[in-house]
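If you read the sequences in order, they're chains A and B.
Count the first sequence with the numbering used here and you get residues 1 to 114, in order.
Count the second sequence with the numbering used here and you get residues 115 to 223, in order.
Treat each hint with caution, since some may be false.
Stated by the list, open to error - Listed next, with one range per pair, are the computed distances between beta-carbon atoms:
#  : chain 1 : residue 1 : chain 2 : residue 2 : range
1  : A       : Lys-83    : B       : Pro-223   : 35 to 45 Å
2  : A       : Gly-3     : B       : Glu-119   : 26 to 36 Å
3  : B       : Glu-171   : A       : Gly-72    : 28 to 38 Å
4  : A       : Lys-71    : B       : Asn-136   : 39 to 49 Å
5  : B       : Glu-119   : A       : Thr-112   : 27 to 37 Å
6  : B       : Ser-220   : A       : Ile-12    : 22 to 32 Å
7  : B       : Gln-145   : A       : Ala-5     : 26 to 36 Å
8  : B       : Arg-191   : A       : Lys-15    : 39 to 49 Å
9  : B       : Tyr-165   : A       : Asp-56    : 19 to 29 Å
10 : B       : Asn-141   : A       : Lys-15    : 29 to 39 Å
11 : B       : Glu-171   : A       : Ala-2     : 24 to 34 Å
As the list claims (entries may be wrong) - Residues from chain A shown here face chain B by an in silico Cβ test under 7 Å; the list is partial:
#  : residue
12 : Gln-41
13 : Gly-42
14 : Pro-43
15 : Ala-88
16 : Tyr-101
17 : Leu-111
Derived by calculation from the structure, the hints in this document are not laboratory data.
Note that the structure is a prediction, hence the values are computed from the model and not measured.
Even for Gly, the Cβ is constructed at its ideal location relative to N, Cα and C.
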Amino acid sequence: EAGVAQSPRYKIIEKRQSVAFWCNPISGHATLYWYQQILGQGPKLLIQFQNNGVVDDSQLPKDRFSAERLKGVDSTLKIQPAKLEDSAVYLCASSLVGAPYEQYFGPGTRLTVT
Amino acid sequence: QKEVEQDPGPLSVPEGAIVSLNCTYSNSAFQYFMWYRQYSRKGPELLMYTYSSGNKEDGRFTAQVDKSSKYISLFIRDSQPSDSATYLCAISPYDKVIFGPGTSLSVIP
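Chain A with its partners taken away, still in its complex shape (with noise of 0.2 Å):
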């Protein structure tokens, strides 16, 4: 079985520029995950989805950062603009419906903003 895919793993970019991130996650899992990790830290969860709709978005900065997951497949998170202080992995997860407990992780995208 396929695990969660993400796309790009590194990305370096200027301070003030836009990015986007990609996840594929696995088969049959309707909820969908996208946390970020400062090194040093715990993945902080930044949204959730459950098919292509929002359960929570509480951490998420929202003047800046944006999401979505129109087929209740595949995901799309985006900044616009970075800030220094976005340098983080963003990671992807993916659980079935009523199984937070049971997350699984894709390879995450190395951010850098200069």
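Following the hints, position chain B against chain A.
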């Protein structure tokens, strides 16, 4: 008070040692308790999850939950160099997951 706390380490042990990794949490309503392993430059990998109090064993790994003390532990028996990674504890109040900051473990051959 943070919802989930872990000693960040780093923890360094000799090969073959028994490793004990610990977390404390603040909200007694949490029901599910998870341990993830994260290798450098990789995504977290689920090791195991437990529901409510008690022990759960999977090979060399044992997870233990004490809800009365709000304390969870992961024991690794016969530790191997391949166990060198960051270990994240996580808790779930059903609809989401909250991660601890992780403990960095090095197993020295």
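For which of the previously enumerated hints does the structure constitute a violation, in increasing order of number?
Hints 15, 17 contradicted; others consistent.
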